[in-house]
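Protein chains in written order, with this note's numbering: chain G, 65 to 372; chain L, -6 to 86; chain P, 669 to 774; chain E, 3 to 98.
By construction, these hints were calculated from the structure, which means they are not laboratory data. A hint or two may mislead.
[Said to hold, decoys possible] No more than 25 Å apart at the CA atoms, straight line, and that leaves these computed lysine to aspartate or glutamate pairs for DMTMM-like:
#, chain 1, residue 1, chain 2, residue 2
1, P, Lys735, G, Glu115
2, G, Lys92, P, Asp700
3, P, Lys735, P, Glu671
4, P, Lys710, P, Asp700
Take a look at the letters that make up each chain.
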Amino acid sequence: MSTFIIGFDLLLGAGLLWLAWQALFHPKPFAAVVHFMAFGLVMALVWVRLEALDIALAEAAIGTGVTGALLLAALGRLPNGATPRLALRPWQRPPVALALGVVLLLGLWLAWVAWQLPRPGLSAEVTAALPESGVRHPVTAVLLNLRALDTMLELAVMLGAVWLVWSLGPELRPYAPATALPGLPALTRLLHPLFLMVPAYLLWRGSHAPGGAFPAGAVLGAGGVLLLLADAVPWMQRPDRQPLLRLLLSTGLVLFLGLALGGLLLTGTFFAIPVAIAALAILVVEVAAALSIALMLMACYLYGEPGR
Amino acid sequence: MSGFFALLAALLSGLALLGLFRATSLLRRILALNVLASALFLLLVTLAHTEAGLDPVPHAMVLTGIVVAVSTTAAALALILRATHSHHDESDP
Amino acid sequence: MTEGLALIAPWLIAAGVLFFMAGALGLWRFPDVYSRLHALTKADNLGLGLLCLGLACQAASVSAALKILLVWGLVLVASSIGATLMASTALARGLRPRTRRGSRDS
Amino acid sequence: MPPILAAMLLLACATVGLWRIWRGPTSVDRMLGAEQLSTLAIAILLLLGTRLAQPALVDVALLFGLLAAVATATFVTRTWTRLHEAQRRPEEAEGD
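Chain G extracted, bound-state conformation:
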């Protein structure tokens, strides 16, 4: 049994190294991107192996799905052709090889140092604080109650990315596909109920099991990207709907801020959620955060400001 598990680990590790190597050094950009998508897929299997199911869900939705879609969409717009190989003169080879060796050794040394660090961990503290957090799953408790400030700043970073992308100019209109694709609307219609059902299920599970706002928002965002591909969300481009779109984009952050300030008013501490309302407050914020994350992923996918 354990031999099987060791073999499984070795195969996963070898696959990861091969995929990373090809993603970084394959001469063709398209092949590199597909290798990177497969890398995300194997990474999700590694998270499962390491019992990090929350991360596996998020990686499956974001690492392979949304990042892959972003990269593929960007590839279609970049001038194609193999990238030039880095040409080295003969005298440059030894110092470059030396530098690469030093970098690899430094990486190994850093990992070794991190491995040797004392690791008491915070699991005992989190378990002790779990009854007062309003949820029963420790990762959700850390994300939305105990270290909620980090999560709020992370939403702010995402909103900043949308701001940057939109400030670069109007939305880049996609080129026409090579042929008429009648299957695409059918695909969207058939998969759409699942793209709504699965995030709701993940949100509901988040309070007591792996799941929660991040995977839910990512899956919803991927569904939104599929809708964008089939041209099924014309309202995002309409100028009169832009205020609504901006409102929805910022809902997650605004509700989070409201929660923090409410905690300040009620208990005197920033982000201290009273135990009595913690479960309800976390649920509301999670729904808003998932919706905002989904819309922000869609907004980034447009590569520019819609309706301009």
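Chain G is already provided as a structure; the job is to place chains L, P and E on it using the hints.
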């Protein structure tokens, strides 16, 4: 067992740094940064296995990190697309 | 009834793995894009279907079994429509199907 | 068939997908390789999910299935578009 994954994370981050420095195209640099981020997440989650059980704090950090990584990727890709497009506009007419 | 299901489940899983291997063989050896697409979507979906049926027979509850079958239905929809999309795009982009012996690989 | 043995055999099948992604020759072939890998990952996750009695693994498998569809749809509508059509002969249309 988890020592194996720490070693894997170190090798991956070394590979990613190598790719980052040797890349000649901007898209390849983005891929390298993403691989580097994955390697660091792997190291964090491996370190979360302690004697007292699974530590949820690194897990939460990695979850936020994944979302931050995708938004940085989107922003960087948008910048690259704009850069190549303005270049074409100058050269075409 | 339940014992019968438990008896049949390993055979279904083995048959599923066999179909996966057939799909891999097709992806490896077939000469052009369209035949590889054919081999992969047919064999893999049949393999996944048999495997899901076998696992659903072993599942702890009816809802778990239904969820496993839902995964199969989803993959079936996604990959069959995806195969159509890819094949029609490849045809429109000028990848010619291989028609007789001796013509070049596309 | 014991689930672990089945999972190992499926991992052996995955080498073909890896090779196909690396080799090409066309970009559809590479996407096919990725699709095979995601189907195999779904199968392995379902096997491990029943073997380890971890129902959450089925959710991960469900997400893989959903997002493979998004990747395919992006590929045909955004990557292999008319943009590069005039630039090379159709036989070597690799779309890379």
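Okay, the hints, checked on the actual structure:
The straight-line distance between the Cα atoms of P/Lys735 and G/Glu115 is roughly 21 Å, inside the 25 Å bound, and the hint therefore holds. Taking the CA atoms of G/Lys92 and P/Asp700, the gap is about 20 Å. The hint holds against a cut of 25 Å. Restraint check for P/Lys735 and P/Glu671: the C-alpha separation of about 21 Å stays at or below 25 Å, so the hint holds. Under the criterion of a C-alpha separation no larger than 25 Å, the hint pairing P/Lys710 with P/Asp700 is consistent with the structure, at around 16 Å.
The structure fails none of the hints (numbered hints given earlier).
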